[in-house]
Every structure is written in structure tokens, then in C-alpha cells.
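Peer 1: Sequence:
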Amino acid sequence: NSKVRKKNVLKDFVAVAGPLGVTHFLIFTKTSTSVNFKLARLPKGPTACFKVLQYSLVKDVVSAVKRHRMHEQQFKHHPLLILNNFSGDGIHVRLLASLFQNMFPSINVHKVGLNAIKRCVLINYHSDTQLIDFRHYSIKVVPVGMSKGVKKLLQEKFPNMNSLEDISDLLVRGVNLSESEAEQDGDHNITELPQVYAGRGNMKSQQSAIRLTEIGPRLTLELVKIEEGMCSGNVMYHSFVNKTEEELAGMLRCKEKRLKLKLERRRKQEENVQRKKVEKEQQRNQSLAGMKRKRVSEEGDSGAEDPGEGEGERPPQEENEEDSDVEYYRQEVGVQPDPDLFPAASRRRRNSGARQPD
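To convert, note that position 125 of the sequence shown is 125 in UniProt numbering; the numbers rise steadily by one, no gaps.
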């Protein structure tokens, strides 16, 4: 059952993450002072802890864009990851780059299909402020080298030409064009397509412009620390706390001491469980032996008082006492006694069951 309950802890989610194909956990928490974000690699870490300085939700970004581009087809393929300025010498920078890269499937640039790339994720690291910017864009490819009128004709929505006398008015004058056609393309976003790309006019070996439209969310992160394991391990890097070798050795000794104490408690608990099992078995055996002695003693006394009584006949008082022994055994031991312990009572139950009508 994969239903989430309030009593679930992180270990519960880690246990089911493997069969479900989950490789990373993105954990957001909010306190009275800040919003925190943890990026953990399953199953054994590491875990990067961030402080969210600024953020904008998808609805906020979309509402700020005049003409947003977001549709269902864009999310059928994973986005293209772009890492910028993650070539620093610090170990924390390389760890972050590895964490972000492993979040997305690798791409073979020689075999990838351009039509499968509809979105891109840009993660930029500022080495001076050590802040990280996260941006999410949709990708649009449009042909270049043609007039705006021709571009308008290639669009899915045909332009309104009621006020025109001839098609040349649209091609030459460029009237009735939307303001979005005024976007300026240049060398920074114009490239030659190696493949045919979805969209009218995007042909192989032709010049096309790549345009990005932000779809959100937008995050500005500050790295706090990187630790081993799943949110519970040794701190590999800390942005604000620097410990000496002696302090690290002391922390390691304390951790080993706590681990030994935990193992000792578990060993004592297992010993107590085994001891209680043995004591319970001994008490059960003593109860059985006492009841046997009591039965033998009562049978001997009954034979001495009435020697002429038949072997198969039992007085009602003795039958009641044996029934009492059966009830006592059931209450003390907690299970039904074996038929061999009280044969007379067992025979009476069988006879009474046989006499019941169908």
C-alpha cells in the first residue's frame, strides 16, 4: 500500500523508492524564518541542503509573461539540462554538478532527436556570491531569413486580410502583424538545424532561431551544507561552520560511542526476550507437573475411600474437579490442554458431541 500517512517517516519512502524507479528526493520544508530545500540521491546519498532565498511559482511566472507557451506535448520528454559556471575547484561545486546531472537522463548528442527537446533547465552558479539560480524554459524554433509576412502565412492561425486588396500588401508592407513578431533575433540564438524540427519552415541545413519562454518555477538557492547518506550522515561541506581536525575526531568518537551504546541496548533487549521465553516455558512445565501430581493424589484418595467402585465409573465430584483442572490449565497457560492430560474430560466432550441431534 503506497498511501501516505502522517506516521510515515523518511525510511518508509526510501524503502518503496527503488521499486517505483525514484532516484532523487526533493524535500521542501518551511519554518517561521525561511524555506529550506534538500536534494537527496537515493539510496545512500549524498544530500545537499539549501536555503531558498527567492522563489516564484509556475502560476506567477506564467501570469507575468505576455504570451506564454506551455502545452501537454512539452512534458512528454525530459528537459535539456544546462549547467553554467560549475567548473570551480571546490569539492562542493563538483558534488553539486554531479547531483544535478544525475537528476536527468544523459543525452547522446550524435543520436538525440531534436523534436524530443521541448524544454530546458538552466542552473547557474555565481562564484562570487555562491548563489544558485534555477530557471525552466520552453523551447520554440522559428525559421529566419524570410519576411514577417511570409512567417505570418506559415503560422497555424491564418492572418486576417479583409482590409487588404492584394496578397502583396501583406508580404511587402507587413501589416496586421502581432507585436510578438517584433522579437529581435541575432547571432546569439540563430543556428543551422542538423535535423528537421517540428514547425512550419524549420528545414534541415536551414537557419532557424531558438527562442526561450520561461514557464517556471524560478528559484534562487544558497548552499548550506552537503552531508553523506540520506539526510543523516557526516557533513562533507558546510558553508558557515568550519571545524578543526580535533573537533572532527571528537565528533567521530561521540558517534561511535552512541553506536556502541545502541548495539549494547539491542543485545540486552534480545537477551531479555530469550530469558522471558525460557521462564514462561519453565512455568508452563511446572504447572503441568503440579496438575499431574494433584490428579494422581486425588485418584489415590478416591480409590482408598471406595475400593468397590467400578473401574469405568467416576463419581460426579471427581468429574467436576477434573473439569476445574482443565479450566485452570486454560487460564494459566493460555491454550487448550492436550487430550492426554485429561482423558476423562476429553471423552465426555466427545460423547456429548456425539449425542447431539443432527
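Since the hints were derived computationally from the structure, they do not count as laboratory data.
A virtual CB, placed ideally from N, CA and C, is assigned to each residue, including glycine.
Among the hints, a few may not be true.
What the hints assert, rightly or not - Mimicking DSS-like on lysine-lysine, the simulated pairs with C-alpha atoms at most 30 angstroms apart in a straight line are: (1) Lys-204 / Lys-225; (2) Lys-59 / Lys-44; (3) Lys-38 / Lys-277; (4) Lys-6 / Lys-59; (5) Lys-66 / Lys-44; (6) Lys-277 / Lys-255; (7) Lys-44 / Lys-11; (8) Lys-11 / Lys-294; (9) Lys-11 / Lys-204; (10) Lys-7 / Lys-44; (11) Lys-44 / Lys-225; (12) Lys-255 / Lys-11; (13) Lys-30 / Lys-6; (14) Lys-140 / Lys-111; (15) Lys-11 / Lys-30; (16) Lys-260 / Lys-7; (17) Lys-51 / Lys-30; (18) Lys-140 / Lys-44; (19) Lys-225 / Lys-243; (20) Lys-51 / Lys-38; (21) Lys-59 / Lys-3; (22) Lys-76 / Lys-7; (23) Lys-294 / Lys-260; (24) Lys-225 / Lys-38; (25) Lys-243 / Lys-260; (26) Lys-277 / Lys-44.
Claimed, not checked - Now the in silico label distances, taken between C-beta atoms and shown as ranges: (27) Arg-267 / Phe-240: 46 to 52 angstroms; (28) Ser-239 / Val-273: 42 to 48 angstroms; (29) Arg-211 / Lys-59: 47 to 53 angstroms; (30) Lys-257 / Asn-8: 42 to 48 angstroms; (31) Pro-19 / Lys-294: 20 to 26 angstroms; (32) Arg-267 / Ser-34: 38 to 44 angstroms; (33) Gly-290 / Glu-270: 18 to 24 angstroms; (34) Ser-239 / Ser-205: 47 to 53 angstroms; (35) Lys-111 / His-238: 28 to 34 angstroms; (36) Pro-217 / Val-273: 47 to 53 angstroms; (37) Lys-276 / Tyr-55: 51 to 57 angstroms.
Peer 1: All hints, please: hold or fail.
Peer 2: Results of checking the hints against the structure:
| no. | hint | result |
| --- | --- | --- |
| 1 | Lys-204 / Lys-225 | violated, 47 angstroms |
| 2 | Lys-59 / Lys-44 | violated, 34 angstroms |
| 3 | Lys-38 / Lys-277 | violated, 46 angstroms |
| 4 | Lys-6 / Lys-59 | holds, 29 angstroms |
| 5 | Lys-66 / Lys-44 | violated, 44 angstroms |
| 6 | Lys-277 / Lys-255 | violated, 33 angstroms |
| 7 | Lys-44 / Lys-11 | holds, 12 angstroms |
| 8 | Lys-11 / Lys-294 | violated, 55 angstroms |
| 9 | Lys-11 / Lys-204 | violated, 51 angstroms |
| 10 | Lys-7 / Lys-44 | holds, 23 angstroms |
| 11 | Lys-44 / Lys-225 | holds, 16 angstroms |
| 12 | Lys-255 / Lys-11 | holds, 20 angstroms |
| 13 | Lys-30 / Lys-6 | holds, 17 angstroms |
| 14 | Lys-140 / Lys-111 | holds, 21 angstroms |
| 15 | Lys-11 / Lys-30 | holds, 21 angstroms |
| 16 | Lys-260 / Lys-7 | holds, 28 angstroms |
| 17 | Lys-51 / Lys-30 | holds, 10 angstroms |
| 18 | Lys-140 / Lys-44 | violated, 38 angstroms |
| 19 | Lys-225 / Lys-243 | holds, 13 angstroms |
| 20 | Lys-51 / Lys-38 | holds, 9 angstroms |
| 21 | Lys-59 / Lys-3 | holds, 28 angstroms |
| 22 | Lys-76 / Lys-7 | violated, 34 angstroms |
| 23 | Lys-294 / Lys-260 | violated, 51 angstroms |
| 24 | Lys-225 / Lys-38 | holds, 10 angstroms |
| 25 | Lys-243 / Lys-260 | holds, 24 angstroms |
| 26 | Lys-277 / Lys-44 | violated, 38 angstroms |
| 27 | Arg-267 / Phe-240: 46 to 52 angstroms | violated, 39 angstroms |
| 28 | Ser-239 / Val-273: 42 to 48 angstroms | holds, 46 angstroms |
| 29 | Arg-211 / Lys-59: 47 to 53 angstroms | violated, 22 angstroms |
| 30 | Lys-257 / Asn-8: 42 to 48 angstroms | violated, 30 angstroms |
| 31 | Pro-19 / Lys-294: 20 to 26 angstroms | violated, 58 angstroms |
| 32 | Arg-267 / Ser-34: 38 to 44 angstroms | holds, 42 angstroms |
| 33 | Gly-290 / Glu-270: 18 to 24 angstroms | violated, 31 angstroms |
| 34 | Ser-239 / Ser-205: 47 to 53 angstroms | holds, 48 angstroms |
| 35 | Lys-111 / His-238: 28 to 34 angstroms | violated, 41 angstroms |
| 36 | Pro-217 / Val-273: 47 to 53 angstroms | holds, 51 angstroms |
| 37 | Lys-276 / Tyr-55: 51 to 57 angstroms | holds, 55 angstroms |
This entry does not satisfy hints 1, 2, 3, 5, 6, 8, 9, 18, 22, 23, 26, 27, 29, 30, 31, 33 and 35, going by the numbered hints stated previously.
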